[in-house]
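Put together the whole structure using the sequences plus the hints.
Residue numbers (this note's numbering), protein chains in the order written: chain A, 7 to 336; chain B, 7 to 336.
FYI, nobody ran anything at the bench for these hints, they're computed from the structure. Watch out, some of these pointers could steer you wrong.
When chains are identical, the list treats them as one kind, so a pair holds in a single copy or across two.
[As the list claims (entries may be wrong)] Each computed DSS-like pair below joins lysine-lysine, with the alpha-carbon atoms no more than 30 angstroms apart:
1) K67 with K26
2) K318 with K201
3) K335 with K18
4) K216 with K67
5) K335 with K318
6) K271 with K67
7) K22 with K318
8) K13 with K318
Protein chains: 2
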Amino acid sequence: MAEKKRKSFIFKHHFKGKPKESDFQLIEESLQTSIADGEFLIEMVCLSVDPYMRPYSRRMKEGDLMIGTGVGRILSSQNPLFKEGELVAGPFGWCTHAISKGHGVQVLSDFGDFPPTYGLGVLGMPGMTAYFGFLDLCNPRPNETVVVNAAAGAVGSLVGQIAKVKGCRVVGFAGSDAKVEYLKSIGFDEAFNYKTIASLESTLKVSCPKGIDCFFDNVGGTFFDTVVEQLNHRGRVSLCGAISLYNLEGPPPKGPYIHTAAITKELKIEGFIVTRYTSKYPEAQKEMKQWISEGKIKVSEHTINGFENMPKAFMGLFEGDNIGKVVVKI
Amino acid sequence: MAEKKRKSFIFKHHFKGKPKESDFQLIEESLQTSIADGEFLIEMVCLSVDPYMRPYSRRMKEGDLMIGTGVGRILSSQNPLFKEGELVAGPFGWCTHAISKGHGVQVLSDFGDFPPTYGLGVLGMPGMTAYFGFLDLCNPRPNETVVVNAAAGAVGSLVGQIAKVKGCRVVGFAGSDAKVEYLKSIGFDEAFNYKTIASLESTLKVSCPKGIDCFFDNVGGTFFDTVVEQLNHRGRVSLCGAISLYNLEGPPPKGPYIHTAAITKELKIEGFIVTRYTSKYPEAQKEMKQWISEGKIKVSEHTINGFENMPKAFMGLFEGDNIGKVVVKI
Chain A
7 MAEKKRKSFI FKHHFKGKPK ESDFQLIEES LQTSIADGEF LIEMVCLSVD PYMRPYSRRM
67 KEGDLMIGTG VGRILSSQNP LFKEGELVAG PFGWCTHAIS KGHGVQVLSD FGDFPPTYGL
127 GVLGMPGMTA YFGFLDLCNP RPNETVVVNA AAGAVGSLVG QIAKVKGCRV VGFAGSDAKV
187 EYLKSIGFDE AFNYKTIASL ESTLKVSCPK GIDCFFDNVG GTFFDTVVEQ LNHRGRVSLC
247 GAISLYNLEG PPPKGPYIHT AAITKELKIE GFIVTRYTSK YPEAQKEMKQ WISEGKIKVS
307 EHTINGFENM PKAFMGLFEG DNIGKVVVKI
Chain B
7 MAEKKRKSFI FKHHFKGKPK ESDFQLIEES LQTSIADGEF LIEMVCLSVD PYMRPYSRRM
67 KEGDLMIGTG VGRILSSQNP LFKEGELVAG PFGWCTHAIS KGHGVQVLSD FGDFPPTYGL
127 GVLGMPGMTA YFGFLDLCNP RPNETVVVNA AAGAVGSLVG QIAKVKGCRV VGFAGSDAKV
187 EYLKSIGFDE AFNYKTIASL ESTLKVSCPK GIDCFFDNVG GTFFDTVVEQ LNHRGRVSLC
247 GAISLYNLEG PPPKGPYIHT AAITKELKIE GFIVTRYTSK YPEAQKEMKQ WISEGKIKVS
307 EHTINGFENM PKAFMGLFEG DNIGKVVVKI
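Take a look at the structure:
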């Protein structure tokens with residue numbers, strides 16, 4: 007039998023503008039199978055690429071293993087809490103095999119019939135991001151109007167569906183007609199291709215006749231500016247991401263000050279990182295599983311095969327390639 | 007006895023840039039003393055000028071009575087809840103006499119030995135603004151660092167002192183050396199003249215070695231941008247005012263997007279108008295009175311005499327003339 011190899015992707019260069027294939031370096035080495043007490047060895051089944059990796063990379067050093075979540079199976083273990091053969095999800099980085107001590111690792115034994123990839127999406131970080139970032143920060147009430155952008159993405163598609171569960175009117179924006187169709191198929195009240203509408207301002211006015219109460223922002227920039235102007239009194243904004251700003255070079259872009267709108271309309275604008283809610287994940291996962299089983303949440307995944315395609319999968323996020331969660335199967 | 011006159015100031019022109027004397031028109035007319043059932047007639051003792059009147063004026067029509075709060079004595083009453091001789095505070099506008107049905111009017115019978123002018127300041131709108139805007143939105147904890155700008159103003163000077171009551175470290179910014187001395191005299195840990203410091207950024211770094219947890223913003227603009235960059239993880243911003251932006255003409259000024267800082271540091275930024283808390287004023291007034299009696303809150307007023315000086319008093323707010331609450335005695 008041939009010696010097993012471990013592959014990984016190193017963050018070779020800090021990104022300039024959009025990430026490029028040459029910003030990553032594929033490393034191939036012999037798989038180290040000897041593990042110390044408390045450790046366990048995982049072989050990845052699937053890996054995640056997510057937009058947050060772009061801004062997060064500013065804090066990384068060139069030469070670091072690219073960060074990210076993976077789902078894998080335990081090949082061997084010296085840790086009684088993590089048993090050989092179990093499926094686990096954790097922050098293993100872009101690699102085919104990892105040795106872990108269990109920090110931040112969740113055993114997926116209670117996933118039932120759900121596929122392992124759900125541990126990277128609807129029941130993983132993006133799902134928790136949608137659940138807590140929307141419910142806790144926007145505090146939606148029935149019949150309120152919710153606007154979501156990047157709405158066909160891993161997080162946005164879930165935010166819209168959770169908003170429908172809560173009895174809201176949901177208006178979504180995405181970047182292709184196929185995505186718009188998808189959003190309508192999963193229950194969005196209205197959906198628009200932001201690339202082809204005449205004006206975001208007038209589209210919002212027509213599609214949100216009662217104004218906007220909750221805004222889940224994945225995009226930032228001028229989209230943010232325009233929605234803020236149309237928020238209702240005591241409107242709430244959950245700042246989840248700013249994909250329109252991630253790849254810009256040069257001086258930071260500017261927008262109008264929020265003060266006049268925020269004071270006059272008493273707006274609450276809050277940014278968050280989902281790890282704030284880690285201790286509450288189990289209850290959220292339980293509720294999300296229930297909603298999936300009842301057909302209230304439909305899950306869409308965009309699957310790419312082959313570890314070597316990690317950079318391509320990641321770069322595709324900024325081209326709008328995906329509907330739903332992008333998952334790389336190893 | 008000469009016939010009694012009623013004087014009032016009409017909002018003659020929408021402001022262009024800084025308010026000017028000629029934007030107001032003084033009206034003098036015979037005092038109408040006949041009142042209908044449910045009404046009462048008030049003779050003003052003192053009137054308030056406040057920065058909010060500048061942005062609020064955009065929603066006024068030329069020819070309207072200038073808005074504002076006054077404290078006055080009831081000359082006659084056909085309303086059993088408001089008795090002749092009582093002192094009341096209410097939204098009477100810029101006038102020497104008003105007829106009211108009681109909407110938004112508070113009887114100041116429980117003011118004890120406090121002067122009537124406190125009904126325009128520490129126990130009125132600015133006091134409630136400081137109390138709720140700081141405590142409810144910033145949710146300060148002992149030993150946290152609080153930054154306040156326009157700190158020698160009616161609201162800022164109270165925010166800083168309330169923060170000290172709550173055990174915080176308080177750093178204030180104001181526009182003259184005399185104001186800086188005043189802030190130190192009322193217990194601010196550090197105070198700076200923003201007009202003479204070399205750099206706000208470096209001043210904040212030195213004076214807030216543990217970073218900034220709470221920011222009570224009366225100023226907006228580049229001050230806001232600079233503080234946001236130095237907020238700690240889970241920092242809270244109470245957007246109370248934006249005096250640096252009120253008098254600007256031309257296209258709205260722009261600043262860097264908040265997204266990167268707000269998401270990375272999970273910031274909460276909230277605007278408010280104090281009337282949100284009206285039903286809770288009595289409990290706040292009780293606590294403020296207690297703090298004043300205990301010497302924990304020191305009250306400073308900047309008194310201007312004569313109704314005719316209302317425009318001058320108002321214009322002075324934008325020149326930084328005042329320390330503490332500006333009150334016009336009639």
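- Message: Run through the hints listed earlier and report the numbers of any the structure violates, in increasing order.
- Response: none
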